[in-house]
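2 protein chains.
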Amino acid sequence: MAENRQGSTDSTKETLGEKLYELAKRRGFFYPSNEIYGGLAGFYDYGSIGVLVKRNLENLWRKHFLRLNDNSFEIEPSDIMPELAFVASGHIKNFIDPSVRCRKEGVYYRADHIISEVTGQNVEGKSPEELSSIISEYNVRCPKCGGELGEVKVLNMMLQVRLGAEGDTVAYLRPETAQGVYVNFLRQFNIQRGKLPMGLAIIGKAFRNEISPRQLLIRQREFTQAELQTFVDPNSIDSAEGWADVEGYSLRVLFSGNRDAETLTCAEFSSKRGIPKLYVYYMAKTQQFFIDILGLPLDKFRLRELSKEERAFYNLIHFDVEVYLESLGEYKEIGGVHYRTDHDLSGHGSVSKKSQEVLFDGKRFVPHVIELSTGIDRVFYSMMELFYNPKSEKKEWEWMAFPPNLAPFQFAVYPLVSKDGIPEAAAKAAEKLKARYKVFYDQSGSIGRRYARADEIGIPLSITADYQTLEDRTVTLRNRNTGEQSRVAISNLIEEAEKLLGN
Amino acid sequence: MAENRQGSTDSTKETLGEKLYELAKRRGFFYPSNEIYGGLAGFYDYGSIGVLVKRNLENLWRKHFLRLNDNSFEIEPSDIMPELAFVASGHIKNFIDPSVRCRKEGVYYRADHIISEVTGQNVEGKSPEELSSIISEYNVRCPKCGGELGEVKVLNMMLQVRLGAEGDTVAYLRPETAQGVYVNFLRQFNIQRGKLPMGLAIIGKAFRNEISPRQLLIRQREFTQAELQTFVDPNSIDSAEGWADVEGYSLRVLFSGNRDAETLTCAEFSSKRGIPKLYVYYMAKTQQFFIDILGLPLDKFRLRELSKEERAFYNLIHFDVEVYLESLGEYKEIGGVHYRTDHDLSGHGSVSKKSQEVLFDGKRFVPHVIELSTGIDRVFYSMMELFYNPKSEKKEWEWMAFPPNLAPFQFAVYPLVSKDGIPEAAAKAAEKLKARYKVFYDQSGSIGRRYARADEIGIPLSITADYQTLEDRTVTLRNRNTGEQSRVAISNLIEEAEKLLGN
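If you're matching them up, the sequences are chains A and B in order.
Oh and the first sequence: position 99 is 99 in the numbering used here, straight run, nothing missing.
Oh and the second sequence: position 269 is 1269 in the numbering used here, straight run, nothing missing.
Wrong hints could be hidden among the right ones.
What the hints assert, rightly or not - In the DSS-like style, the derived pairs of lysine-lysine whose C-alpha atoms are separated by at most 25 Å in a straight line are:
{"#": "1", "chain 1": "A", "residue 1": "K195", "chain 2": "B", "residue 2": "K1434"}
{"#": "2", "chain 1": "B", "residue 1": "K1285", "chain 2": "A", "residue 2": "K434"}
{"#": "3", "chain 1": "B", "residue 1": "K1428", "chain 2": "A", "residue 2": "K428"}
{"#": "4", "chain 1": "A", "residue 1": "K499", "chain 2": "B", "residue 2": "K1432"}
{"#": "5", "chain 1": "B", "residue 1": "K1499", "chain 2": "A", "residue 2": "K434"}
{"#": "6", "chain 1": "B", "residue 1": "K1063", "chain 2": "A", "residue 2": "K63"}
{"#": "7", "chain 1": "B", "residue 1": "K1063", "chain 2": "A", "residue 2": "K438"}
{"#": "8", "chain 1": "B", "residue 1": "K1285", "chain 2": "A", "residue 2": "K428"}
{"#": "9", "chain 1": "A", "residue 1": "K419", "chain 2": "B", "residue 2": "K1353"}
{"#": "10", "chain 1": "A", "residue 1": "K285", "chain 2": "B", "residue 2": "K1285"}
{"#": "11", "chain 1": "A", "residue 1": "K285", "chain 2": "B", "residue 2": "K1432"}
{"#": "12", "chain 1": "A", "residue 1": "K25", "chain 2": "B", "residue 2": "K1434"}
{"#": "13", "chain 1": "B", "residue 1": "K1063", "chain 2": "A", "residue 2": "K205"}
{"#": "14", "chain 1": "A", "residue 1": "K353", "chain 2": "A", "residue 2": "K428"}
{"#": "15", "chain 1": "A", "residue 1": "K63", "chain 2": "B", "residue 2": "K1205"}
{"#": "16", "chain 1": "B", "residue 1": "K1353", "chain 2": "A", "residue 2": "K353"}
{"#": "17", "chain 1": "B", "residue 1": "K1025", "chain 2": "A", "residue 2": "K438"}
{"#": "18", "chain 1": "A", "residue 1": "K285", "chain 2": "B", "residue 2": "K1428"}
{"#": "19", "chain 1": "A", "residue 1": "K63", "chain 2": "B", "residue 2": "K1432"}
{"#": "20", "chain 1": "B", "residue 1": "K1025", "chain 2": "A", "residue 2": "K354"}
I should point out that these hints are in silico values taken from the structure, not numbers from a laboratory.
Whole structure, please, built from the sequences with the hints as guidance.
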C-alpha cells in the first residue's frame, strides 16, 4: 500500500511538529498565509479541511457555553475600536512587551523570553531597566548569532489604524475580544431586560503585533478567540444554579507553587481554597468542554493557578487551561478562567463618563465579571497533535482520530469502480447520508489509497458501493479506528451511523 | 394591549428607516459600535438577536452555495495581507475614492456622490481634474453648510497596519475577501487534487476607510462579505453541470441602458445575449438564494447589468444583485455576479513570480474566475426592512415576518403563570423543542406583552403552558403570522412544528 502514497516524505526522521505541519499543509488544515509572497510572519490561513474542523470547534463551543444559562448570548462587535476604549482598558499603557534588538543583525526579540531561556529566571513583571541590567550581568547575547544586545525597550503590541480622509481618527484592532463585550454591556443589559447573571460571548478575531510570533498557530499576530464574559452580582457569586450537577465532578488542578497536578472534586476545591462556587462551576464546565466534548486526554490537561506575580493585577482568581504538547515539549496555555471583578466595567465607566452601575435586586452596583477565554487556534493545534497517529504496524499511513463531532466529514463514500452503475449507487447512498452528515465523495485511486486519504483527515466512517450493492442494496462500512469492515443495508445506514457515531 | 408596551415612541411620525433603526437598537439586532464612547463612524455592532439572524444567514449561504458542486470549500485566510498582494490586485493604485473638502468646515465628502446629487450626472470613472472642473462649472457647494469646496483629491481606501517591532512591514486589512482566495489558489488546487471547476469561499470581514460611511449597515468601514470564487477552464464556461435544472428558471433582469426589469428564462438569457451558460447558472443560483431560500419578494429584486463605464475593466460580465429599499428610496446593491476572467490570478502570478498556470485536461492555462459576492450586512439590513411590518389594525405592535430558517428562534415558550407547576411544565416542553429548534423561554409580563416581544424579533411559533396543560398535557400553539391559536399535545409538538415550519 505504502508505494501508492505520493507527496509524503520519509517521515521517520521528522519530529512530531514537522510531521504535523507537513500534514497540515498537504491536506489543507492550515498553512502559511500569503505563501506565494513568501508568507507574512505570524499569519496562517485555514485551508478547506481546517475550516470544517474549526467551524465544528466553534459551534461546539457555542452550544456548550451559551447553553449554560438562558441569559447568555453571542454578540458581534466591530474588530476596530476607538483609542479611548483602550485607554479605559489599560491597553494603551500596559499592553507592552519588553523588546531587545541584536546590534549585529538588527533583529528584535522578546527580552523576557531570551533572558529566561538563558538564565532560567522568571522575569515577568520586571521593568525595562531591570531587564537591561540582567542582560549585562549574565552577558545574555543574541540567540541566533551571539551578537551583543541593545537596551530593553517597551513596545505597545496593538495594531493601530487611522480612520477618515486625513487619518486623524486613531483606532486599534482589538487585542482581545473581551473589550468588545464590555463596551456593549449597558445596552445589552437593557436588551436582555436587566437580569443577572448575564453572559455575552464573542467568537472572533483579535490582533497583536507580536515581536516574535512562533510555534505555528500558538503565537500569531491574527488569531481567533472565543470568550464568554459573565456579568454577576458580586454578592451571589458563592452560589451557582447548576452546582448540584458539578459538586462531585473532579477537577485536575495545579496549584501555584506546586509541582504536580492533583485531582479534587468541585466541592473540595471550593471549600479548601475558599473559591466562590460560581467560579468553580465555570472551571468544571471548562474542563468538561475540553475532556468530555472535545475528547482531549485528561492526563495531558490541567487547570493551572497563576501566582500573584504571574497574573494580571485585576484578576482576583486566575487559572489557565493548559495541555501538554509533545511537539513543543511543554504545557501550553489554551484558555483561562478569570475572575476580573469590576475592573473592566469601572474602567470604561470612568473614561466614558457613562456609569456602568445597574439597579438589580434592589441594589446599585457595578457587576463583576467571570471570563472564560479560549484560544481557538491553540485548541485547533492541540487537537491536531493529540488526535494524531503516526504510521504504525497497524496502519501504514498517518491518521487523525478526531471524534465524529469534530471530524471534517463523518462519512467518506466510494464507488469501487467508475462504471457499471456503481458510482450512481454510491451517489445515492451519499445523498441519503448528506441529509444528516457531512459527506466526502471520493472516486479516484485505489480503495486503499482512498482509505488513507480519509484517515489522514480523520473521517470516522466510510462506505464503499460495489457489485454486490447492485444486487442486494448493501455497502461495505469501514470503521477508521478499528479498520473493521461489515456489510450494511443502505436502508439501515442512518440507524447504523447513529449507533457508531453516538448521536 | 398597547398600554402595556414600554420604550416604544409614537412611531406614526417616524420614517420607515427610523422605525427600523429604533427596533434594531431596542431589541438588539444592531446598534452603533462603541456607543459609550459616542460611537465610531462607519462601525456597527450586532447585538444578541442580530447575531442569531446573521449566523442563520451565513449558514444558509454556506449550505446553498458550497453544495453547488463537490469541489467547493470554505477557507479562512488572514484578514491582514502584505502590500505586494495589493500591488498585484491593483488596489494600491486603483482603490481610491475622489474626495473633496469643505473649506468652511473641513469635512470631507465623496466628490462623485455630491456632484451627482446636485447635477444628476453619473460621473463614475472621471478623473480628479474633471471632477474639480464640474464642481466649479456647476458651482457645487458643501451639502451641509453651503461652503466652498476645495480641489478633488484621491485617497486610497485601504486601512494600513504596520507590523514588527519597528513597524517596517507595511500590510493592509483586506478591502474585499476575494484577494484572500486568489493568493491561496495554487495550494488549494493541489489540496483539492487538481480539479476544475474548483470553488473557494470566504465568509469574513473586509475593511475600507470610507470617506463618508452612511446608511447604517449599507456603507460601513468594517463589514462582512460572503464570496465564492469559482475557478474554471475558460474553454468549458459555456456548459454547466446543473444547466438542465435551471434552463427554464426565470430571471428578473435589468439590462444596461433599459429602464425596466424584464423576466426571461436562463435559456433565453444565455442565447439572446451570448452569455456563457456557467455564468447564467450562477445567476440563477443567486436569484434562488435570495428569493426561494431567504424569501425576499421578487418584485423588489433585480439583477442589474452594469455598463462598460460602470463596471471594473477586468469584469467581462457584471450583474449586480439589487433590492428596492423603501427606507433609502432606491434600489441598492447587495451582491453581484462577476466574470473576472484571469485578471486576478495573472496579476498575482506576475507580481509574485509564481506562475498561476495549471495543467488540466491536457492543457496549460491560467484559470478564469466567476465570482459570487454577497454583502452580508446589506442583506441583513434588507431583510430587516423587507420582513418588517408596522403596527396595524391586525396587530397593535410592530413585527418581523422572518421565515423560520432566518428567525432568531423558531419557538417562544411561556408559562401562563409563575406558580403551581406551570413553569416546570413549560420548561419540559421547551426541553423537548430544544433538541430540534432554537427556543426562547420567556416568563415575565402579561401573555400579550410576551407575544409582542416575540413578534418584534420575528419568532414564528409560540406555545403557552397553562392549567389545562397539567391535566391533559396539551399547550396553546400560536402562529405569529395569523395570530391563530390551537391546542396541541406536547407529544405531538415536534410533528406539528415540522408541518408548520416546513422542514
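Exercise for the section: Measure nothing beyond the straight line between the CA atoms of A:K195 and B:K1434; if it is 25 Å or shorter, mark the hint as holding. Expected result: holds (22 Å)
Handout entry: Pair hint outcome, A:K63 versus B:K1205 [Cα-Cα no greater than 25 Å]
Key = holds (23 Å)
Practice task
Below or equal to 25 Å on CA atoms is what counts here, so check B:K1499 against A:K434.
Solution key: Given pair B:K1499, A:K434 holds - Cα atoms ~22 Å apart, limit 25 Å.
Exercise for the section: Decide if the proposed pair is consistent with the structure: A:K25 and B:K1434, CA atoms, cutoff 25 Å inclusive. Expected result: violated (39 Å)
Problem - Pair hint B:K1063 and A:K63, alpha-carbon separation not exceeding 25 Å - result: holds (19 Å)
Handout entry: Straight-line alpha-carbon gap A:K419 to B:K1353, limit 25 Å
Key = Given pair A:K419, B:K1353 is violated - Cα atoms ~42 Å apart, limit 25 Å.
Practice task
Mind checking the alpha carbons of B:K1063 and A:K205 for me, to see if they're no more than 25 Å apart?
Solution key: Measuring from Cα to Cα gives roughly 23 Å; hence the hint holds.
Exercise for the section: Assess, step by step, whether the Cα of B:K1285 is no farther than 25 Å from the Cα of A:K428, and give holds or violated. Expected result: Distance of about 23 Å is within 25 Å: holds.
Handout entry: A:K285 paired with B:K1432 [C-alpha distance capped at 25 Å]
Key = Satisfied, since the Cα-Cα distance of roughly 23 Å is no more than 25 Å.
Problem - Hint consistency between B:K1025 and A:K438 [alpha-carbon to alpha-carbon, up to 25 Å] - result: violated (37 Å)
Exercise for the section: Sort out whether A:K438 lies within 25 Å of B:K1063, counting only the CA atoms. Expected result: Holds, because 11 Å separates the two Cα atoms, which is no more than 25 Å.
Problem - Agreement of A:K63 and B:K1432 with the hint, judged by alpha carbon distance not exceeding 25 Å - result: The hint holds at about 16 Å.
Hint compliance for this structure: hints 3, 9, 10, 12, 14, 16, 17 are broken, all remaining hints hold.
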